[in-house]
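Q: Now for the letters of each chain:
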Amino acid sequence: MMKKTLSYLALILFSLLFIAPLFWAITTALKSPQELYLFPPKWIPSVFRFSNFADAWNIQPFNLFLKNTLIVTVLSTLGQLVSCTLVAYGFARFEFKGRNLLFLIVLATMMIPWEVTMIPQYMEFNYLGWINTLKPLIVPSWFGSAYFIFLLRQFIMTLPRELDEAATIDGASKLTVLMRVIVPLMGPSLILVAVFQMMNCWNDYLGPLIFLNDQTKYTLTLGLSQFKGMYGVDMQSIMAITCLISIPPLAIFFFAQRYIVGGIASTGIKG
Amino acid sequence: MAQTYLHPAREQSAALKALKKRRRGGAAPYLFIFPWIFGFLVFTLGPLLFSLVISFFDWPIVGKVTFIGLGNYVEMFTDDPLFWKSLMVTLKFAVLFVPLNIVVALGLAMLLNQKVRGSAIFRTAFYLPSVISGVALAMIWSWVYSGDYGILNYFLSVFGIQGPDWLNDTNWSLVAMVVASLWGQGSMMLIFLAGLKGIPKDLYESASIDGSGKLRQFVSVTVPMITPTILFNLITSIIAAFQQLTLALLLTGGGPMKATYFYAMYMYENAFKYFKMGYSAANAWFMFLIVLTLTFLVFKSSEAWVFYEGEMKRGPQKKPKPAKGGRA
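As given, the protein sequences belong to chains A and B, one line each in that order.
FYI, full-length UniProt numbering numbers position 23 of the first sequence as 23, with every residue one higher than the one before it.
FYI, full-length UniProt numbering numbers position 301 of the second sequence as 301, with every residue one higher than the one before it.
Source of the hints: derived by calculation from the structure; they are not laboratory data.
Glycine included, each C-beta is placed from N, C-alpha and C at the ideal position.
Incorrect hints may have been included.
[Claimed, not checked] Pulled a few chain A residues facing chain B out of the computed Cβ check, cut under 7 Å:
#1 87
#2 117
#3 242
#4 261
Isolated chain A, as found in the complex (with noise of 0.2 Å):
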């Protein structure tokens, strides 16, 4: 019994400690300029200024950064769930020359650190005019990503071959037997790709920091991060930014929290 109390106290003080910063940033966006220097400081403001998050938002053009977030988004997730998809089936149900040596390389990039192949893509995009478009953000995703390759392969190996060879004898092509059969099955996998590269899509800042200049093609979190060097910000709007451009990922972890837990805990199972 004890026991027990004391595994609560822990797991209720740790939830504390994770939880406080994400609570005082909320409480902060919401505070009056007066109250914002105060000390000691305020949990809760006296009168909650809703107001903030709009002046916020027209301090810079965010419209226009969650328009280029939004369609960044959108377009590299659809990149993905199109091209692993085809990639990840030509791994799992075929066997060809060389199958074996190309999944070791697949898995091989994971381990590649961006930044050795950072300089060169920035020279490439900036051969071909990229530099100061979305396309750099957008184009790459069009062509597979190891980690979803691997975790869709992974689950295309799970499902009955017998399914396949069904639809092959009854003169399905290959794209067909994908699309009607394979496609249908993947839902849960599926929903993992686009959750996790929507996350990382929006989330992204290394990505918008290097291959845009011109404000008009910023997203929101570069557009966040340009509140550090401004003057005359202050700290209530830097945290209205922060907690509405958050909005968008905690709602989709909570409703995808059951794929998002299976799917990561399944990236460390050993093998």
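Fit chain B to the known structure of chain A by using the hints.
A: Chain B in isolation, oriented as in the chain A frame:
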């Protein structure tokens, strides 16, 4: 009788053979994996090799490109104090961050792995900070750490401690960054949790029948059984430590007095502030080699400390469990 019985089986195996042939399907598999092959060549292998090539050049983004052989590497090692400084900062960060990250994530996972009510709620609380963007995380912590108005120093003042100006204090800024990074440990915790759930209960039962206490069970059952997961998390933590850039750019800008000038930031500035592409590529390749070496050493050492269940002979009462979904 026997022959009529064999006949359909033979037919079936012939049909299977035909199917296998069709599975091979000539060019079809290559068409399916083509997107990855193209992407790999254009966005990974090409850039990887090209960055090695330009590391032997003086390569400004505009202007004359000159071959200088090992010049960049020589300059790095002999004539660039910032190279050594940033390398030391990153190593210091890694030495603090990597073990702490594993201890915290494993500790939280163990707390969650008990039979407690509402464990899903606690799990969500521990994971929430990992969901938000690194920029949001940096903004929140720069406010928490504020010397005069920060909630952290208020909290300390309740206990009569005068906290420093965390991010502007050369003694504390790196520690502050380690703590902020630990806040985002959620994925690692989930991986540990899955590892813990995979430990067969009977191991604990037999240990407790043998009279082992909780501590003893932790040392001789839990730790050995999750060493493969520790290995995985150790490697990802090391790589993450070397790639730490967002926090440095947004929390401290590398300061104060370069106390948080991470290697990734050094590389980033050489490329995108000073436009020394060749030099930065040399930096990047050196980092790549360090990460590869460390990974290799960790793997090598893992033969001594990682325990794979499949390699051990279990008692006869235990049913052999088929290995689930191997990688290749």
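Q: Would you pick out the hints that fail for this structure and give their numbers low to high?
A: none
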